[in-house]
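A.B. asks: Chain residues, written in single-letter form:
Number of protein chains: 2
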Amino acid sequence: MNFERPNIKTMKGYKPGEQTEGSGIIKLNTNENPYPASPAVAATLKNLDAENLRRYPPPLADSFREAAAKLHNVNENNIIPTNGGDELLRLAITTFVDPNEKILVTQPSYSLYPVLTSIQGGILIQIPLQQDWSMPSDFEVSLTSSGAKMCILVNPHAPTGKLLDTDYLARLADSFQGILLIDEAYVDFVDPDFQYNSVSLIESNENILILRSLSKGYSLAGLRFGYGIGPQHLLEPMLYKTRDSYNTNTVAQHLATAAIESADYAHSTWDRVRKSRSVLTDGLNQMGLNTVPSQANFVLCQVPNSISAKGLYEGLKRQNILVRYFDQDRLKDRLRISVGSDTENTALLEAIHSLIKT
Amino acid sequence: MNFERPNIKTMKGYKPGEQTEGSGIIKLNTNENPYPASPAVAATLKNLDAENLRRYPPPLADSFREAAAKLHNVNENNIIPTNGGDELLRLAITTFVDPNEKILVTQPSYSLYPVLTSIQGGILIQIPLQQDWSMPSDFEVSLTSSGAKMCILVNPHAPTGKLLDTDYLARLADSFQGILLIDEAYVDFVDPDFQYNSVSLIESNENILILRSLSKGYSLAGLRFGYGIGPQHLLEPMLYKTRDSYNTNTVAQHLATAAIESADYAHSTWDRVRKSRSVLTDGLNQMGLNTVPSQANFVLCQVPNSISAKGLYEGLKRQNILVRYFDQDRLKDRLRISVGSDTENTALLEAIHSLIKT
Chain A
192 MNFERPNIKT MKGYKPGEQT EGSGIIKLNT NENPYPASPA VAATLKNLDA
242 ENLRRYPPPL ADSFREAAAK LHNVNENNII PTNGGDELLR LAITTFVDPN
292 EKILVTQPSY SLYPVLTSIQ GGILIQIPLQ QDWSMPSDFE VSLTSSGAKM
342 CILVNPHAPT GKLLDTDYLA RLADSFQGIL LIDEAYVDFV DPDFQYNSVS
392 LIESNENILI LRSLSKGYSL AGLRFGYGIG PQHLLEPMLY KTRDSYNTNT
442 VAQHLATAAI ESADYAHSTW DRVRKSRSVL TDGLNQMGLN TVPSQANFVL
492 CQVPNSISAK GLYEGLKRQN ILVRYFDQDR LKDRLRISVG SDTENTALLE
542 AIHSLIKT
Chain B
192 MNFERPNIKT MKGYKPGEQT EGSGIIKLNT NENPYPASPA VAATLKNLDA
242 ENLRRYPPPL ADSFREAAAK LHNVNENNII PTNGGDELLR LAITTFVDPN
292 EKILVTQPSY SLYPVLTSIQ GGILIQIPLQ QDWSMPSDFE VSLTSSGAKM
342 CILVNPHAPT GKLLDTDYLA RLADSFQGIL LIDEAYVDFV DPDFQYNSVS
392 LIESNENILI LRSLSKGYSL AGLRFGYGIG PQHLLEPMLY KTRDSYNTNT
442 VAQHLATAAI ESADYAHSTW DRVRKSRSVL TDGLNQMGLN TVPSQANFVL
492 CQVPNSISAK GLYEGLKRQN ILVRYFDQDR LKDRLRISVG SDTENTALLE
542 AIHSLIKT
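In order, the protein sequences belong to chains A and B. Take the first sequence: its position 332, counting from 1, is numbered 523 in the numbering used here, and each next residue is one higher. Take the second sequence: its position 28, counting from 1, is numbered 219 in the numbering used here, and each next residue is one higher.
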């Protein structure tokens with residue numbers, strides 16, 4: 192007997208990148224920060240008492256909201272803490288998109304969006320990016336005429352690392368009748384010279400919802416902590432109606448608060464990642480694995496036909512180096528490689544060099 | 192502009208019991224265990240390294256699944272770890288109940304069920320319990336003829352603490368065409384003499400899904416860890432399709448595993464709670480606050496009209512003692528009181544005594 196709803200029965204689940212606990216593996220497949228979390232996080236963890244866990248956590252993670260509001264110079268009511276950024280995506284869809292309403296995304300993009308749309312019974316509209324992975328020139332028109340209830344854009348884009356600027360997003364939000372959800376999981380790695388700042392838009396745009404994550408920028412993928420920034424009227428139904436009442440645990444609340452209160456430390460890791468990204472990009476380009484200029488902590492490169500992306504992925508894996516291969520349209524000839532430490536990046540480049548020579 | 196789905200716009204959210212971080216408060220309102228978690232949990236927490244948090248957690252919490260499977264003598268495929276028991280409820284509804292399908296619960300019951308039903312756009316059927324809070328004699332008939340896709344029973348029942356026996360649940364599952372979700376958040380406090388054992392039913396009943404929680408029995412409400420036990424065909428779509436891919440964090444996985452691997456320690460706290468429950472029950476009865484015989488770690492008592500339940504709740508609160516008052520049909524003359532430590536229970540009884548005298 193099968194009890195699944197028809198849409199669940201026919202859908203395919205999201206497939207996370209390989210996670211491994213083995214040592215000696217160079218793991219460049221799921222975009223973790225190569226540097227440790229802030230010492231303040233380690234100190235907070237060390238001082239935690241198990242007795243704190245006997246009671247329920249503050250349902251709204253008040254201390255974190257306060258710290259995040261301060262960090263972004265917004266009101267606490269503009270912050271919703273979530274169990275990873277993925278929870279915010281799910282909550283937003285649950286709250287705002289009725290079954291049979293439309294969600295518009297670009298193609299390619301984060302492959303969880305179609306999965307969450309299927310779960311909700313929504314209709315997915317995928318707009319293909321141009322050949323160079325930039326937005327189609329008529330995207331704004333496509334969006335406004337789509338009748339979509341929500342548009343989700345990951346910025347910097349995954350899996351290419353391309354950045355849309357603040358003005359472009361403001362224009363989209365202005366003309367769009369639905370909610371523009373900007374998934375900024377990788378925003379911490381954007382070069383400050385771009386002066387990217389979407390948070391400033393939430394004051395004037397009542398339809399912008401921003402996703403932030405501590406997984407990459409704050410070296411806390413294992414903690415599952417993300418948050419949304421947005422106008423109060425968008426956050427309130429998620430905070431008080433659709434969210435599981437105790438969605439983040441006590442440990443995560445304490446550590447996440449310590450992390451963003453010591454954001455200066457994380458900033459220093461972002462600088463290092465940006466420098467390493469540049470070296471990695473050059474190294475790949477020099478070997479003929481052409482890259483897309485990336486503002487994230489990963490690089491998408493094209494693999495020569497002679498070896499094939501899948502072949503290179505497998506060859507690297509045999510050498511205990513994990514990178515991400517997407518078996519999907521337009522990405523079959525590419526690899527997405529997380530920016531690791533300098534040692535890891537050098538080992539990767541050397542391994543690629545030896546594999547494409549043979 | 193309001194973007195909420197119509198069902199979200201009109202619904203009311205779940206209101207969790209007051210959480211307080213102040214000291215000197217006797218907190219008997221949200222059913223936490225009065226005794227600390229196992230020393231193994233504290234030791235595991237002490238040994239955790241923040242560096243473990245840099246990477247994503249094992250998506251399926253493999254170590255926990257293994258430990259839970261061993262504890263319940265089932266296969267790992269019969270276990271789904273969740274971010275609190277509440278997540279299992281949400282996942283089950285998301286996965287199996289289409290909008291406009293029916294969910295049947297008793298009235299009263301855990302007030303989150305109606306909230307989750309509203310979010311999914313399902314139809315709620317509430318079957319009133321009898322005057323003595325037992326199941327109506329025709330419940331089985333009502334259930335089978337309801338056309339419900341899912342029936343959720345909390346057992347022991349909240350907020351009364353009454354226990355349904357294993358045979359009764361087996362009969363219900365046999366005749367019911369939908370999924371019988373047995374919410375066993377409080378099952379650890381059941382007297383072993385009852386030989387209650389619903390887990391044995393999942394081998395022969397393909398429509399039983401059991402919810403377990405570490406919040407009460409294992410003194411870990413702050414950790415947000417629960418799990419489901421059920422036949423593989425019910426768990427798989429939740430594990431691989433509808434669940435957020437990294438739904439439990441690394442810290443929670445480690446601590447939850449330590450907790451159930453040292454379940455003997457938790458058992459000792461359950462014994463103490465059962466003994467205290469008996470003393471608390473007697474004390475309340477002696478003052479004329481008639482109780483329902485409870486197999487949970489709380490007691491529902493009726494408050495004489497002379498003072499009123501709400502009045503007593505407020506009077507206790509002024510003395511820094513928190514209990515739970517439900518402003519809803521059939522419960523307005525009652526208080527639900529968590530079983531605390533012996534000191535806390537004595538203080539509560541003395542406070543009630545002084546309040547009902549005046």
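Incorrect hints may appear among the rest.
Since the list gives no way to pick one copy over another, a pair counts as held whenever it fits inside one copy or between any two copies.
[Unchecked claim] Straight-line Cα separation of at most 27 angstroms, DSSO-like style, residue types lysine-lysine; simulated pairs:
1) K523 with K261
2) K200 with K466
3) K261 with K200
4) K237 with K523
5) K261 with K548
6) K340 with K203
7) K508 with K523
8) K340 with K200
9) K200 with K293
10) K203 with K508
11) K293 with K203
12) K237 with K501
13) K237 with K206
14) K237 with K203
15) K261 with K340
16) K237 with K466
If you are wondering where the hints come from, they were derived from the structure by calculation, not from laboratory data.
A.B. asks: Now, for every hint given, state plainly whether the structure supports it.
C.D. replies: For each hint, the structure was consulted:
In this assembly of identical chains, the alpha carbons of K523 and K261 never lie at most 27 angstroms apart, being 43 angstroms within a copy and 42 angstroms across copies at closest. In this homomeric assembly, K200 and K466 never come within 27 angstroms of each other (Cα to Cα): the closest approach is 46 angstroms inside a single copy and 47 angstroms across copies. Taking the shortest alpha-carbon separations for K261 and K200, neither the intra-copy value of 44 angstroms nor the inter-copy value of 30 angstroms comes in at or below 27 angstroms. Proximity of K237 and K523 under a CA criterion of 27 angstroms is satisfied in neither setting, with 44 angstroms inside one chain copy and 45 angstroms between copies.
Taking the shortest Cα distances, K261 and K548 never come within 27 angstroms of each other, neither inside one copy (52 angstroms) nor across copies (50 angstroms). Proximity of K340 and K203 under a CA criterion of 27 angstroms is satisfied in both settings, with 23 angstroms inside one chain copy and 23 angstroms between copies. Proximity of K508 to K523 under the C-alpha cut-off of 27 angstroms is restricted to the intra-copy arrangement: shortest distance 17 angstroms within a copy versus 64 angstroms between copies. With identical chains, the CA atoms of K340 and K200 are at most 27 angstroms apart both within one copy (24 angstroms) and between copies (15 angstroms).
In this homomeric assembly, K200 and K293 come within 27 angstroms of each other (Cα to Cα) both inside a single copy, at 20 angstroms, and across copies, at 19 angstroms. For a Cα distance limit of 27 angstroms, the shortest separation of K203 from K508 inside one copy, 25 angstroms, qualifies, whereas the shortest one across copies, 51 angstroms, does not. Taking the closest pair of Cα atoms, K293 and K203 come within 27 angstroms of each other both inside a single copy (19 angstroms) and across two copies (25 angstroms). For the homomeric pair K237 and K501, neither the shortest alpha-carbon distance inside one copy (42 angstroms) nor that between copies (42 angstroms) is at most 27 angstroms.
Taking CA atoms no more than 27 angstroms apart as the test, K237 paired with K206 passes in neither setting, with 33 angstroms inside one copy and 33 angstroms between copies. For the homomeric pair K237 and K203, neither the shortest alpha-carbon distance inside one copy (40 angstroms) nor that between copies (39 angstroms) is at most 27 angstroms. In this homomeric assembly, K261 and K340 never come within 27 angstroms of each other (Cα to Cα): the closest approach is 31 angstroms inside a single copy and 46 angstroms across copies. Taking the shortest Cα distances, K237 and K466 never come within 27 angstroms of each other, neither inside one copy (32 angstroms) nor across copies (35 angstroms).
In summary, the structure is inconsistent with hints 1, 2, 3, 4, 5, 12, 13, 14, 15, 16 from the numbered list given earlier, while agreeing with the others.
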